[in-house]
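Engineer: Put together the whole structure using the sequences plus the hints.
Number of protein chains: 2
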Amino acid sequence: MACRNVLLETKGNMEKAAQILKQRSLLQVEIKAKRSTTQGIIEAYVHTGGRIGAMVEVNCETDFVARTDEFKALAYHLAMQVAAMTPQFISREEVPERADIEPETACLLLQPYIKDPDKTVQDIIAETIAKVGENIKVSRFARFELGR
Amino acid sequence: MACRNVLLETKGNMEKAAQILKQRSLLQVEIKAKRSTTQGIIEAYVHTGGRIGAMVEVNCETDFVARTDEFKALAYHLAMQVAAMTPQFISREEVPERADIEPETACLLLQPYIKDPDKTVQDIIAETIAKVGENIKVSRFARFELGR
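If you read the sequences in order, they're chains A and L.
Each residue of the first sequence is one higher than the last, beginning at 1 in our numbering.
Each residue of the second sequence is one higher than the last, beginning at 1 in our numbering.
Please keep in mind that the hints were generated in silico from the structure rather than gathered at the bench.
Please note that the accuracy of each hint is not assured.
Each pair may be met inside one copy or between any two copies, as identical chains are not told apart.
[Stated by the list, open to error] List time: in silico SDA-like cross-link candidates among lysine to any residue, alpha-carbon distance up to 20 Å: (1) 131 <-> 73; (2) 72 <-> 147; (3) 72 <-> 47; (4) 115 <-> 3; (5) 115 <-> 27; (6) 137 <-> 35; (7) 115 <-> 99; (8) 72 <-> 145; (9) 137 <-> 147; (10) 34 <-> 147; (11) 137 <-> 52; (12) 72 <-> 49; (13) 137 <-> 49; (14) 137 <-> 114; (15) 32 <-> 51; (16) 131 <-> 89; (17) 22 <-> 118; (18) 16 <-> 147; (19) 137 <-> 51; (20) 72 <-> 51; (21) 72 <-> 5.
Structural biologist: This is the structure in structure tokens:
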């Protein structure tokens with residue numbers, strides 16, 4: 001319905017319609033980003049062979065969304081991302097001032113997503129926010145590598 | 001063979017033989033406790049519903065033992081123990097001096113083992129050391145509980 005209306009607005013111009021839809025969806029994500037997240041799940045991922053493991057806490061607004069497959073899949077892929085890409089921080093805000101650190105490498109949310117490097121982790125979280133209709137936050141992670 | 005020899009030593013006294021065997025096995029465990037542990041695995045456990053998760057690094061001496069079912073089961077049960085019993089430290093040595101803390105509650109190794117509360121976690125690690133013939137150490141753990 002939203003697509004149809006936008007196509008009417010743009011008089012059938014698909015490209016323009018897609019652009020408008022994307023902007024509106026991002027706006028929705030931004031609005032949701034202010035809502036508080038007290039529910040969610042803990043998810044863990046251990047690499048084959050058990051040499052690397054990662055654990056994440058991912059939060060959403062309701063227990064209902066926490067139990068959806070989309071949300072669980074997101075948490076699992078985030079744990080996988082942490083295991084594979086060794087982030088040090090969650091977001092740019094956590095990086096200490098004047099630290100000699102590349103935020104795109106060190107911050108989970110800014111890293112290229114391992115399963116689709118054209119997107120960032122933040123992008124795929126935003127996609128899930130758009131899908132489930134709730135704000136989503138990563139509140140912490142831990143990563144263990146054998147002997148390190 | 002060891003049992004048979006001890007029974008010969010004690011002239012068939014089963015109780016005395018069992019005592020001697022236990023002492024010798026503990027001695028073996030103590031000797032092994034000095035050997036360095038650079039191999040091992042990372043294991044994680046997430047409680048049903050995803051509200052609590054735990055991750056542990058458990059070390060042994062060789063990759064061969066790290067891949068045995070006994071060792072993997074130990075690591076899994078230790079992760080479960082951490083999830084269920086919320087330890088704050090690994091061993092008594094880590095507890096800060098004069099801290100108002102009960103070591104038997106706060107230290108993983110001193111806690112009663114959830115699957116057999118007559119034993120401590122240290123006891124079941126010692127049993128696995130006796131079984132696999134290598135020193136075993138817990139080097140770290142992490143525990144996440146939703147919203148805490």
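Engineer: Each hint needs a verdict: does it hold in this structure or not?
Structural biologist: Hints, verified against the model:
no.	hint	result
1	131 <-> 73	within (13 Å within a copy, 38 Å between copies)
2	72 <-> 147	between (29 Å within a copy, 17 Å between copies)
3	72 <-> 47	both (18 Å within a copy, 14 Å between copies)
4	115 <-> 3	neither (28 Å within a copy, 56 Å between copies)
5	115 <-> 27	neither (25 Å within a copy, 51 Å between copies)
6	137 <-> 35	within (10 Å within a copy, 44 Å between copies)
7	115 <-> 99	neither (28 Å within a copy, 46 Å between copies)
8	72 <-> 145	between (24 Å within a copy, 16 Å between copies)
9	137 <-> 147	between (30 Å within a copy, 12 Å between copies)
10	34 <-> 147	between (40 Å within a copy, 17 Å between copies)
11	137 <-> 52	between (24 Å within a copy, 17 Å between copies)
12	72 <-> 49	between (23 Å within a copy, 11 Å between copies)
13	137 <-> 49	between (30 Å within a copy, 18 Å between copies)
14	137 <-> 114	within (19 Å within a copy, 33 Å between copies)
15	32 <-> 51	neither (37 Å within a copy, 23 Å between copies)
16	131 <-> 89	neither (26 Å within a copy, 41 Å between copies)
17	22 <-> 118	within (17 Å within a copy, 60 Å between copies)
18	16 <-> 147	neither (53 Å within a copy, 42 Å between copies)
19	137 <-> 51	between (27 Å within a copy, 15 Å between copies)
20	72 <-> 51	between (23 Å within a copy, 12 Å between copies)
21	72 <-> 5	neither (32 Å within a copy, 57 Å between copies)
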